Amino acid sequence: MTTTRRNLLKFVGGGAAGALLTPAPWRLITDTALWSENWPGIPRPARGEIRARFTHCTLCPAGCAVRARCVNGQPVSLAGVKPHPISHGALCPWGIAGHHLPYHPARVRQGPVKEALAAVSRAITQRGAGERVAVLDLRPGRTVSWTYRRAMAAIDDGLYLAPRQPAYAIDLTAAKTVVSFGAPLFDGWGTPGNVFAARANFRLVQIEPVETRTAALADVWLPIRPGTETAMAAALAGEITIAEAARETGVEEQAISAVKEAIGNSPAVVLAADPGSPLMSLNAKLRALGRTVVARRESPVPDAWKKAAPSTEMAAVPDKAIRVLLIDESLPGGYVPWQDIQPKLAPNAVVVVFSSSSEGYARHAQYVLPAPVYPEMAEDIGPAIDTVAAVFRIAAPLIAPVVPVVNPGELVARIAGLPQTDPLRDRADAIHKAGRGSLLSYADGKSTSMKEVTADDFWKTLNQGGCWMDDTGKKAAPAGLGKFGRSGTCPTAHDLPLAVVVAEARRGGLESPLMSKLERESNLRMTANRVALSPADARSNGIENGGRCVLETACGRLSVVAMIDAGVPAGVVEVAGGPRMADLCGANQRARVVRA
Amino acid sequence: MIGGKIAFASGMLLALAGGWLAFPRILYQTRQQPVNFSHKVHAEKAGAKCEDCHSFRDDGTYAGIPTLDKCSGCHTAAMGTTAEEKNFIDQYVTPNREPQWLSYAQQPENVYFSHIAHVKLGHVKCEQCHGNEGGTGALRPYQQDPISGYSRDIWGRPVAPVGLRNEGGMKMDDCVNCHRRQGLEYSCLGCHK
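Chains as they are written, first to last, in my numbering: chain A, 10 to 605; chain B, 554 to 746.
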């Protein structure tokens, strides 16, 4: 037999036909299909022992109790803790997806720690007379806040800066009528479970220019002209006539009368979007102080901590006085607009921010150090605005940090030369020593008087799922709400014709990528780069729905996408909250939108 | 013309031989277990039952292959005189190093299988799926399909009965056949949730 091209082709053809009669090609096809299902990067569910662990959510000051289902030590799902008397087993969507945060693709994963420390040390030793070292704490009321205050007391001219905190608590269970001036009662205000548990017993009057989620769920929504809230409050306080208020606010006289009558006849409370707003002092007129607006004690602290630096507001700091500014942005909290901070910085100031996100102060600081995110770090959470009694609860870490992180409290303590102790344990011991209140254990739902708990058991329960709750005692009126006084209405400027209304307070920091997908990409919530305009304003500026435009304020410009929404009243631009918008709008709530 | 037929036939024969004889031999990668463990010794001399080591956790999940803690419970010091035991203690127990066992029965990620439902509720004997593993004097080599990454015991029809171990009872067809025989539900979503 000679080897010809024809014979060679026949040999190959025979081989192919023969191969089809064997299992080899069929097996290779299915194996290849399976191989494609097992590529690296495809998430694999954890295997191993399934256990429930308890912690607390730190994503907002509500600090809801969390039951984490862990497989082989890895949290795979989060849920609320039913017997918890404040959170009532509820968790918000952010809380439910909180365990995704450590793996967020946009997380700050590294930072120049040594360089930052060297720069801070150099600036502290070389600073001139009157130049201050400051810590800005966006979530005051935590134990680490006390560490910052102690550290600043240990440093000459140290300053502890924090956004103003309400010196009161709201007892929703005691209210029959709630008058809310834009407070997002059902969308991030207070503790979600507590608000919804009390919801059946109060009537909600929501006063705000746009129909937010809270307005949609309120019993009455009064769409008020932006910037005229004080006129409405003055009418409710009896300082101006209802007719005058109606003219100014654009709300019907009958509706204002009905609200005035309701708050006169039942225990009521007035809430404002900003808890420090003068509108809150209207509660004194309603005789709500000591009934629905009450004073709350702070959880005990060790005696040695009481020589700590006082809390100072940014506005009280002289210009160009801060040489070193350390900003703890590790937890989402009250954002101080950068234009309020910048004038306070010395020309050669060193700004270090501890953050997991590059969205906030990381845009302005020289050094951005990666901070732990929930649920990576042991942290306590101060009481929420709707928590009447003092509480102490620890967010026990569920996993070790997945990237190298810096613990802000430890670093600031090191800079100030404070002794290296565990402040959480020290505070737990102080609370135990005070001997008041009770300890609730989540595993069995039992509440035990503190007099019957040993210090070690108290600490163990706090870390394994428990919460200390102070005795409520007799309700007392809070101090410092000030006197209600009517200020002028929002000025109209021809060059900035639109009033800025923040649609929803964004928490800042990271949020689960799953939530981004569900909410932001589907426009269920506004993203930071979107604004909503009334059809009339859009038409007069030549702006189309989905069109690119520029939002201009006295502080700057931002390229945004416009949405035309018939629910937005004329003369208003609705924006999302968040650091970028806060920096752009600040306290100056006027803007204009022009076509890009 | 005859030459062409011979060429075709020889190509075909070569492919058939390769596909039926060589392919099954090269399909699986063979690896040895880290420890020469004898189920038989443990069952006969120590009187151990399957569930003594392959236990259920308190929450009902199956613990699978025991961890070193379980072995150390008895083998902190040598109980016998065998070289295998001495080696195990020196290599793993004393340095507290977990043996990297190769699991014959590890199901893929897309399979949901509950041991407790089968063993406690269904009263299925271990041997029914795992064969006489508990009576063997040594662990057989672990065979893995390098393309799919699956153990030979859990996936793939028998390719060819040539010098290879008879396939076990932990493949999808085995599950379906058993459920069918007993008149039980065997829809896809029962296991592939």
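Read the hints as simulated data drawn from the structure, not as lab findings. These numbers were taken from a predicted model, which means no experiment stands behind them. Ideal Cβ positions, reconstructed from N, Cα and C, are used throughout, including at glycine. Mixed in with the good hints there might be a few duds.
[What the hints assert, rightly or not] The following residues of chain B were derived to be distant from chain A, with all beta-carbon distances above 12 Å:
| # | residue |
| --- | --- |
| 1 | Lys558 |
| 2 | Phe590 |
| 3 | Thr689 |
[As the list claims (entries may be wrong)] The list that follows gives simulated cross-link-like pairs (lysine to any residue, SDA-like), each with its CA atoms no further than 20 Å apart:
| # | chain 1 | residue 1 | chain 2 | residue 2 |
| --- | --- | --- | --- | --- |
| 4 | A | Lys269 | A | Lys316 |
| 5 | B | Lys558 | A | Arg36 |
| 6 | B | Lys593 | B | Arg693 |
| 7 | B | Lys724 | B | Tyr695 |
| 8 | B | Lys746 | A | Arg78 |
| 9 | B | Lys746 | A | Arg300 |
| 10 | B | Lys724 | A | Leu43 |
| 11 | B | Lys746 | A | Ala42 |
| 12 | B | Lys558 | A | Leu354 |
| 13 | B | Lys746 | A | Arg36 |
| 14 | B | Lys724 | A | Asn47 |
| 15 | B | Lys593 | B | Thr635 |
| 16 | B | Lys558 | A | Ala26 |
| 17 | B | Lys724 | A | Thr41 |
| 18 | B | Lys724 | A | Lys484 |
| 19 | B | Lys724 | A | Thr39 |
| 20 | B | Lys724 | A | Ile59 |
| 21 | B | Lys746 | A | Leu43 |
| 22 | B | Lys724 | A | Leu30 |
| 23 | B | Lys623 | A | Ile59 |
| 24 | A | Lys455 | A | Gln429 |
Cross-check of the supplied hints:
{"no.": "1", "hint": "Lys558", "result": "violated, 8 Å"}
{"no.": "2", "hint": "Phe590", "result": "holds, 21 Å"}
{"no.": "3", "hint": "Thr689", "result": "holds, 25 Å"}
{"no.": "4", "hint": "Lys269/A with Lys316/A", "result": "violated, 46 Å"}
{"no.": "5", "hint": "Lys558/B with Arg36/A", "result": "violated, 29 Å"}
{"no.": "6", "hint": "Lys593/B with Arg693/B", "result": "holds, 13 Å"}
{"no.": "7", "hint": "Lys724/B with Tyr695/B", "result": "holds, 16 Å"}
{"no.": "8", "hint": "Lys746/B with Arg78/A", "result": "holds, 19 Å"}
{"no.": "9", "hint": "Lys746/B with Arg300/A", "result": "violated, 53 Å"}
{"no.": "10", "hint": "Lys724/B with Leu43/A", "result": "holds, 15 Å"}
{"no.": "11", "hint": "Lys746/B with Ala42/A", "result": "holds, 19 Å"}
{"no.": "12", "hint": "Lys558/B with Leu354/A", "result": "violated, 93 Å"}
{"no.": "13", "hint": "Lys746/B with Arg36/A", "result": "violated, 25 Å"}
{"no.": "14", "hint": "Lys724/B with Asn47/A", "result": "holds, 18 Å"}
{"no.": "15", "hint": "Lys593/B with Thr635/B", "result": "holds, 14 Å"}
{"no.": "16", "hint": "Lys558/B with Ala26/A", "result": "holds, 13 Å"}
{"no.": "17", "hint": "Lys724/B with Thr41/A", "result": "holds, 18 Å"}
{"no.": "18", "hint": "Lys724/B with Lys484/A", "result": "violated, 68 Å"}
{"no.": "19", "hint": "Lys724/B with Thr39/A", "result": "holds, 15 Å"}
{"no.": "20", "hint": "Lys724/B with Ile59/A", "result": "violated, 25 Å"}
{"no.": "21", "hint": "Lys746/B with Leu43/A", "result": "holds, 17 Å"}
{"no.": "22", "hint": "Lys724/B with Leu30/A", "result": "violated, 24 Å"}
{"no.": "23", "hint": "Lys623/B with Ile59/A", "result": "holds, 18 Å"}
{"no.": "24", "hint": "Lys455/A with Gln429/A", "result": "violated, 34 Å"}
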